[in-house]
Amino acid sequence: MQAYSPKVHIGKNSVVVTWPQDPDLTYIGNNVVIGSECHLVAHALNTSDGKVKYISEPITIGDRATIGGNSRIGMGVKIEEDAIVEVGSNVIPFTRIGRGEVWGGNPAVLLRKRNELADESKAKSSLQPIALLELNEIISNAIRLLPEEISDDLNSENCMAWDSLAKMSIAASLYDRFSVRIPAQDIFNLNSRQSIKQLINLHTDNKLPNSLETATALSKDPEIPINPELFPLYDPDQVTQVLARRFRESIAESDKKIIIAASFTAQPLGSTLDLWCRAFGIPFSVEFGEFNQLETTLLSPDSLFVNNINGLNVVLTRPEDLISDGDQDGFIRSSQLLDAIRSYVAKKKGLIVSNLPPAVSPFFYGKYQQVDKLRFWWQEKLEEIEGIHILDFAQVVEEIGRQNSQDASLEAIARAPYSQAVYQQLGITLTRLTHRILLPAKKVIALDCDGILWGGIVGEDGIDGIILSDDYPGRSFRLFQEMILDIKKRGILLVLVSKNEEADVWNVFNNHPEMLLRRSDIAAYRINWNAKSVNLRELSKELNVGLDSFVFVDDSPIECLEVEVNVPEVTVVRMPKQLENYVKHFSQLWCFDSCNITIEDTIRTELITQEQERRELQKSISNLESYLESLQLVVEIRTAQERDLPRVAQLTQKTNQFNLSLIRRSLPEIQDIYTSCSIMVLNLKDRFGDYGLVGAAIVKKNDEGLFIDTFLISCRALGRGVEQSFLVSIFDLAEQQGLKTIIAPYCSGQRNEQVKTFLLKMGFSQNQSSVLKAQVANAPEKLGYIKMQLRLPEFV
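Following the numbering used here, the numbering of the sequence shown begins with 6 at its first residue and continues without gaps.
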């Protein structure tokens, strides 16, 4: 195939002996050298059933790059500055060659960095200051000083903050950053910078040079992705080490805190919890209550918990601390603690409480039958308490194992009964629960078909030749489909993004006897030969869901890389080569975790189908007014009931476009303000079905008038006049209360400009940069084509 090219881009002083096959899709920088008989091909031909499909992706070659003769450069390749491709190499499509890297082979792989010897000698000469800097950072985080204030003269005798808890923090950080385990008997000898270096030397692998520099070298960052949503797929030790190096600098104490009250010494988990929270952008600092003062912390009117208004509070305990000689079953202390928990959550929702792990202490002499009975009873009672989140402490210990979970020395010396592995995993588990409470779940799973939903290639193997059965290896695909269907029940949309013939795919969905997914489970699809990044962008627009809410699933490294590069907002999950690990791999993700499943979640795919029917109707009607009238819209606006609060919380977390304040609130936070503010909700239905609860407003009186704290509507209800009807009801409420002014503080975000534009159109004025105001007398008009059912709050 030959093509005429209207343009070409070759930088200054470049020597190009070979002419690119796609000149208009090849970008060559300055001072580039490309040898003879090279093939730079920025397109590909895919053939299926005799049909030719042309796809292309630009090739980019950075300044001063060199490509040896007789090399092949595939579509979508990006070669950065000063890179070298050796003679006769085959660089496969969508490869990324970094600055100064040397690649070669078929397929080409990274061989080394340019000036490797010079870089190595430079690195060796700089190991000492880098290691010392990292050590200063660890100490400064523990004693709350600046790294530059750390010196050999500073120690535990002349620094009050360098106490026993600081030493435990230093030990935990050494484990997180370098995997250096300081034994319990030595932790309290971490008295100075010099003593820390000596203990690192002592406890680093004796087969290697014993030094702080060795620990630094051993902790070189493995290949861990930037996207934190993928961290659960990797070894937690490696991820924690990488995070410890990424977040070297301590951060200023946040006004939002995670406060942990425990019946044992829990401080060693703080380092991991802090690192993982920072990775997910959760701006919380970590603090600990007094040792074994759980009831006091829960009940005292001036406790850390009570004063932690904007944060999360955590209660950790274990069977060994509940069972005693005078309470051999543990029910007396446990009942007292449960009463304190109930009393606390009656005033403030959202407390995190651990279940009970197995007893692992070598100093515990109780009967394990008593422990099992207490653990079951405790779990049962916790599940009866509304307004708490249960932390699965038991799973942490069970996965690590009883013997590997205990640390007799540390328990005897510091009442810290668990191994570093437990503290680290407990910190990660607590981060996952925090993630679930504070961050919205992803909304869409974009699935490939061949190699993901079934084995083989349906276009080549046919419906009878693909691998899908109740026996291995086909069973792996059935189990994966089962899991996907379970995730769908949480309100996650399923879409297909597959390079296939559409008829072949639907033939499998409709007619293969082992297929669990059905066409009705799929909210939207792109089955074609286009780049998958292009298809994902189209699906994002069709579903009106941001790309950052998509999770793309594929087994092809090339397809995964193409999506990662061209739509970096999407979370890309590449499935493992071992089919039997599909379910385990995907189930480790946190991004589908959700605290509450609402009615709207369970029918989300059905709602999308209804929306597609509305679009078909719109195509058949020539003007917008006639279309809106034909929908027969009915809006119900009323005071929120308790059953509505989970959905209100979900809307605050998920709504980005039509959201006035962008305040994200958890269910406990919504429950807390339920009695102090009026929460109004909007339900919508039309001739095609019920949209569900799609809008919420939080309003209250103040000295100026009616204050709108929150005003939001789900994007799938926009463009029908619903937002105007909702605003009219707020004006009606203000008039009912005898108020003259409505105040609407606006928070500018990446995608919510339209709510400001709407309010200005409705008569609001912008007196300050972020505050919009309107006079109640100038209320917007009611829309005649919308039937309104209005039940306003009796008071605000």
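Be aware that a few hints might be false.
Listed next, with one range per pair, are the computed distances between beta-carbon atoms [unchecked claim]:
#1 K624 x N18: 51 to 57 Å
#2 E403 x Q583: 21 to 27 Å
#3 N18 x D466: 49 to 55 Å
#4 T746 x S340: 20 to 26 Å
#5 T301 x Q400: 25 to 31 Å
#6 K624 x K352: 52 to 58 Å
#7 N18 x E758: 30 to 36 Å
#8 G286 x Q203: 33 to 39 Å
#9 E758 x K624: 25 to 31 Å
#10 K624 x N512: 26 to 32 Å
#11 N163 x Q203: 16 to 22 Å
#12 Y370 x D526: 52 to 58 Å
#13 G331 x D242: 27 to 33 Å
#14 R480 x N196: 54 to 60 Å
Straight-line Cα separation of at most 27 Å, DSSO-like style, residue types lysine-lysine; simulated pairs [what the hints assert, rightly or not]:
#15 K448 x K494
#16 K546 x K624
#17 K354 x K372
#18 K690 x K792
#19 K745 x K705
#20 K659 x K448
#21 K761 x K546
#22 K787 x K706
#23 K659 x K778
#24 K766 x K745
#25 K262 x K659
#26 K761 x K448
#27 K706 x K745
#28 K787 x K766
#29 K624 x K705
#30 K624 x K690
#31 K706 x K624
#32 K690 x K353
#33 K787 x K745
#34 K705 x K353
#35 K778 x K745
#36 K354 x K706
#37 K792 x K624
#38 K262 x K118
#39 K705 x K354
#40 K706 x K690
Rather than coming from a laboratory, the hints here were simulated on the basis of the structure. Backbone N, C-alpha and C fix where the C-beta goes; we use that ideal spot for every residue, glycine too.
- Tell me, which hint numbers fail for this structure? 4, 7, 13, 17, 29, 31, 32, 38, 40
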